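All chains, full assembly: derive it from the sequences and hints.
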Amino acid sequence: MPKITYIEHSGKEHVIEAPAGQTVMEAAVKHAVPGIDADCGGACACATCHVYVDDAWLAKTGEASSMEQSMLDFANDVTDNSRLSCQIKVSDALDGLVVRLPKSQH
Amino acid sequence: MLAQGAIRFKARLRMCGIGSKHTLRMTPGDINRIIIIGAGQAGGEAALRLRQGGFSGDITLIGEETAPPYQRPPLSKKYLAGEMDLERLLLRPASVYADETIALLSPVRAVWIDRANKRVRIEGGRELAYDALILATGTRPRQLTLVGADLPGAHLFRTAADADAIRPGFVSGARLVVIGAGYIGLEVAAMARQKGLDVTVLEAAARPLARVTSPEVSGFFLDEHTAQGVRFLLGGQPALIKGKERVTGVGLADGGEIPADLVIAGIGVNPEITLAQQCGLRIDNGVATDASCRTSDPSVFAIGDCAARPMAHYENRMSRLESVHNAIEGAKLAAAAILGQTQSVETPWFWSDQYDLKLQIAGLFQGYDRMVLRGDMADRAFAAFYYRGEKLIAVDAVNRPGEYLGAKMLIQSGRSLAPDLIADISRPMKELVAAAN
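Protein chains in written order, with the working numbering: chain A, 1 to 106; chain B, 1 to 437.
No lab work stands behind these hints: they were computed from the structure.
Nothing here was measured: the structure is a model prediction, and the numbers come from that model.
Please note: incorrect hints may appear among the correct ones.
[As the list claims (entries may be wrong)] Ranges between beta-carbon positions, derived for each pair: (1) A:65 with B:101: 36 to 44 Å; (2) B:370 with A:69: 25 to 33 Å; (3) A:80 with B:344: 24 to 32 Å; (4) A:21 with B:270: 46 to 54 Å.
Cβ coordinates follow ideal geometry from the N, Cα and C atoms, glycine included.
Pasting the structure below:
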């Protein structure tokens with residue numbers, strides 16, 4: 001099963017096995033990673049699952065859709081690496097993915 | 001207020017990054033036992049928030065359904081379509097409740113509340129004592145009071161079990177009659193068309209979504225569904241559900257009939273307030289509470305769909321909201337009040353997915369006197385901004401998430417934007433929000 005590393009703003013790491021087909025957000029919520037609230041459950045409606053994708057993984061996670069980008073425009077502390085984790089689907093190609101959590105969700 | 005004293009407080013060390021457990025003491029309360037009635041999103045969230053907030057006493061979560069707390073919104077969307085299973089629907093893995101020493105009693109009904117002695121009786125007669133009680137009893141779908149409403153093939157829609165019962169007949173070519181054109185009805189209609197069902201929507205009002213949006217936005221959704229092949233009978237009243245062994249059609253008050261293999265009624269819900277009424281709590285549409293979700297009894301809280309509370313951004317108007325946002329916020333507010341902590345409130349928000357349309361709603365539109373459109377409905381991406389006087393009170397955004405989030409931030413901070421600015425699509429929403437005052 002693909003492994004994903006979530007790094008809290010404090011630096012604390014959580015390495016989690018995430019089933020392919022689920023989203024990076026769902027795996028975090030199911031394991032109660034602090035800082036990913038995902039209030040809407042992944043409907044791209046709340047922008048509370050913002051993460052920074054590690055540079056090495058940007059190409060593999062792909063680009064935000066225009067809808068996701070519009071949501072990110074209004075999130076806090078957005079960078080070029082920002083994504084909504086509910087919009088990144090886990091696959092074998094993402095085994096080892098590293099994402100960092102923003103300060104505002106701490 | 002709850003009795004003054006101390007509450008056992010266990011610092012949530014995993015949140016602090018410290019490895020060991022220790023005990024602190026804090027006000028207010030002598031609260032060692034908390035009972036939560038209702039294990040939906042509000043009840044489940046309240047239990048976890050109490051733990052995350054440091055409560056180390058007993059938490060008992062009583063739920064009528066078999067499954068641990070799960071998300072309801074996907075029921076009328078991906079779950080109904082069979083694209084999402086129950087495990088994925090769960091808000092947290094079932095093991096979380098044991099891990100957090102939350103006693104989840106399900107499927108179990110609470111049948112009596114004795115406020116004088118602070119006890120809850122559950123079916124079978126067992127009584128549980130509480131120091132603080134949280135009611136998160138949700139709603140019940142309104143029943144179809146028609147002859148034939150109990151025939152196989154006729155369904156109400158509220159729970160995962162309802163969706164499970166509907167799914168075998170929810171197949172290509174089946175003739176579906178949806179009674180009620182609210183969000184649930186329209187989401188079911190959209191999913192049904194995507195699955196190849198033949199769909200007729202019967203609605204007593206003159207337009208779909210009549211209770212929840214403006215005539216203009218209703219018109220947009222009516223046109224979209226019609227273009228997708230949904231037939232509408234507006235102003236239509238069902239008189240009976242026809243069939244002998246199972247549903248064969250819906251008889252109309254004007255004598256007509258719509259043939260049907262499947263009937264799904266989404267005609268609204270009533271707050272589940274039986275227990276609250278039985279124990280004499282103040283009722284105001286739902287269980288009435290103050291801004292911290294405390295009922296007329298200081299030891300009892302009410303949260304989620306069953307409760308009505310004053311809305312901070314709307315002159316403290318008492319409102320009972322049926323939404324994920326309200327479920328989570330009520331859980332946060334009640335947990336904070338019990339733990340003696342503070343909790344801010346958000347502008348209410350909602351969403352509905354139909355076909356490739358994402359409707360996102362911020363604020364409460366009731367009482368608006370002006371609607372300003374940003375974007376063109378023909379582009380299937382627009383936002384309807386609702387004003388009362390000069391004040392922006394709500395937005396319905398269709399495939400326009402920036403407008404939704406921007407408006408939400410404005411309402412949250414009590415700012416507004418002049419209608420002529422809002423209508424100017426050449427200026428990005430982000431820029432407009434930054435310039436608002």
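For each hint, the structure was consulted:
A beta carbon spacing of about 41 Å between residue 65 of chain A and residue 101 of chain B agrees with the range 36 to 44 Å that was offered as a hint. Between residue 370 of chain B and residue 69 of chain A the CB atoms are about 30 Å apart, so this pair conforms to the stated range of 25 to 33 Å. Separation of residue 80 of chain A from residue 344 of chain B is about 30 Å and conforms to the stated range, judged on CB atoms against 24 to 32 Å. Taking 46 to 54 Å as the suggested C-beta distance range, the pair residue 21 of chain A and residue 270 of chain B does not conform, at roughly 38 Å.
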